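Asks: Residue numbers for the sequence shown follow the numbering used here, beginning at 1 and rising by one.
Think of the hints as simulated: they come from the structure by calculation, not from any bench. This structure is a prediction, so every number in the text was calculated from the model and none was measured. Just to be clear, a hint being listed does not mean it is correct.
Unchecked claim - Here are the in silico distance ranges between beta carbons for each label pair:
| hint | residue 1 | residue 2 | range |
| --- | --- | --- | --- |
| 1 | 14 | 176 | 48 to 54 Å |
| 2 | 112 | 224 | 43 to 49 Å |
| 3 | 54 | 267 | 53 to 59 Å |
| 4 | 102 | 28 | 38 to 44 Å |
| 5 | 3 | 224 | 40 to 46 Å |
| 6 | 151 | 32 | 25 to 31 Å |
| 7 | 224 | 53 | 29 to 35 Å |
| 8 | 52 | 115 | 30 to 36 Å |
| 9 | 112 | 133 | 27 to 33 Å |
| 10 | 273 | 22 | 15 to 21 Å |
| 11 | 260 | 15 | 37 to 43 Å |
Glycine included, each C-beta is placed from N, C-alpha and C at the ideal position.
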Amino acid sequence: MRVKLHLPKDRIDYARQLAKQIAAPVGTFIDAHSSVTVERATLRLAGADGANADGVPVPNLVVDQVKSADPALLEDGVLIRYINALIKTGLSTEELNKKIADSFNVMSLPLGDRSAIEAKCKELVAQGLGRIKDNRAHRDRKLEEFHDRNNKPLLYLIVATGNIYEDVKQAKAAAKQGADVIAVIRTTAQSLLDYVPYGATTEGFGGTYATQENFRIMRAALDEVSEQEKRYIMLTNYASGLCMPEIAAMGALERLDMMLNDSMYGILFRDINMYRTFVDQKFSRMINAYAGI
């Protein structure tokens, strides 16, 4: 059996040259830009979490406050303003999150010493990345412990009730019947929401909302059944649409194992701005790579 196509090398080289010409300016554009959801993802990695009484997430509130004061300030990084408020108030991240949810505006405080702010930024983001690194190490240990216990190929099963607690029941039953990977389908058109809902959810349309709490609930359930079955049961979700980087960050923080993370979905099927979504995809995939997703 022939295992190679034996295509002419000059044609292959030319195709690679054309691909580079197409991709290079896109990469240059990506490297020079951010987006509101990239900024929100950075906030989340530093500990910004929670939501106000109307369900607006704290990262969205902070980005909106900075944009309202001066849209040009987004270029400076929104995390700077969040950390400045943290230092000025002397609060913990949990306390500041609650204060922001209760209508505190981070832009009401003058910007303090830049070097102190940047040092605190690095400290908090390092904590978030440390948690992700620990998650990756835990996954690797379990894969080694249960080596060769999974099916080949892996059996991939979808749950999509809209209620995370019902999803858990189906996922655990499926794992006990031999499923290796559980994919929780997102509710219809979550790709078009420019925020990630907060907390556990029990209603959805054609799927279940991707939220950090839902990730945590399902991960805990699959860990439980993994120990019972002596197989590491993997968890999959979807990081596409307007909140790709945030969902990638949440998945990394809660030890998801696989993520469908593709900007072309948003471009082709959701009419999302292609410049923005390529910027978002780059940041998302950096997080996924670091997390071993």
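Asks: A separate judgement is required for each hint: does it hold in the structure or not?
Replies: Right, here's what the structure says about each hint:
no., hint, result
1, 14 - 176: 48 to 54 Å, "53 Å, holds"
2, 112 - 224: 43 to 49 Å, "46 Å, holds"
3, 54 - 267: 53 to 59 Å, "30 Å, violated"
4, 102 - 28: 38 to 44 Å, "42 Å, holds"
5, 3 - 224: 40 to 46 Å, "43 Å, holds"
6, 151 - 32: 25 to 31 Å, "45 Å, violated"
7, 224 - 53: 29 to 35 Å, "33 Å, holds"
8, 52 - 115: 30 to 36 Å, "32 Å, holds"
9, 112 - 133: 27 to 33 Å, "30 Å, holds"
10, 273 - 22: 15 to 21 Å, "19 Å, holds"
11, 260 - 15: 37 to 43 Å, "27 Å, violated"
Against the hints set out earlier in the document, violations occur for numbers 3, 6 and 11.
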